[in-house]
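Residues per chain, in single letters:
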Amino acid sequence: AQSVAQPEDQVNVAEGNPLTVKCTYSVSGNPYLFWYVQYPNRGLQFLLKYITGDNLVKGSYGFEAEFNKSQTSFHLKKPSALVSDSALYFCAVRGLLRNTGKLIFGQGTTLQVKP
Amino acid sequence: DSGVTQTPKHLITATGQRVTLRCSPRSGDLSVYWYQQSLDQGLQFLIQYYNGEERAKGNILERFSAQQFPDLHSELNLSSLELGDSALYFCASSVAGSLGGVRADTQYFGPGTRLTVL
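Heads up: the sequence lines are chains L and P, in that order.
Each step along the first sequence adds one to the number in this note's numbering, with nothing skipped, and position 63 is 63.
Each step along the second sequence adds one to the number in this note's numbering, with nothing skipped, and position 61 is 61.
No lab work stands behind these hints: they were computed from the structure.
Check the hints yourself; a few may be wrong.
Said to hold, decoys possible - Some chain L residues flagged as far from chain P (calculated, every beta-carbon gap over 12 Å):
no., residue
1, Pro7
2, Val13
3, Gln38
4, Phe67
5, Lys77
6, Ala92
Said to hold, decoys possible - Now the stretches of chain P that chain L is said to cover, found in silico as 3 or more residues with beta-carbon under 8 Å:
no., stretch
7, 16–24
8, 29–43
As the structure is a computational prediction, the values presented were derived from the model and not from experiment.
Every residue gets a Cβ at the ideal spot worked out from N, C-alpha and C, and that includes glycine.
The whole structure should be built from the sequences, with the hints applied where relevant.
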């Protein structure tokens, strides 16, 4: 069965410092991985995805993620955090059933960036 | 703004009632997905439609049903509502223009409908 784990419920970081939000996955075959962000009372916004190719994926708002096949991880990173980055972050993997697009989400990680 | 619209934004109703949630996908997107977000279950996939046809089902209750219309908008019908159905319901859409490309395309989410069952 496919699954995604986000081991930290909350990550705290000071503004200007680098941030990492962790994600590990379990899937047979090649994974299709996604990061989304949810601001309070808003829908999910797409940040980036890994399909194939370069292990470092660049996305929106200065975020990037590193795909590591040997560690089955897809951690989200940003070199310098902003207070406005404070939100709920979700990692997701695309389901394997042919021609279906369902996403399997992790439980989410709350990012708090303090001034 | 993702381009996916959902109505209504908020819905308050009583147990045993029936409600309909509506979603309009982004222009050109053929696939519509429904997800439920609750505190205890997290984000769960409910159902997917592609160009009017059901494509995949998740942990969707028998009391829930959905459809996608010829103009590609979708409706999620929830009946015999229970307190535990209170949640945020999201619709997402993606291009899914080719069968082989489904897994790679990005889903864009609407703002959600917050359902409260009293």
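Under the constraints set out in the numbered hints, which ones does this structure not fulfil? Result: hints 3, 6, 7 break, sorted rising.
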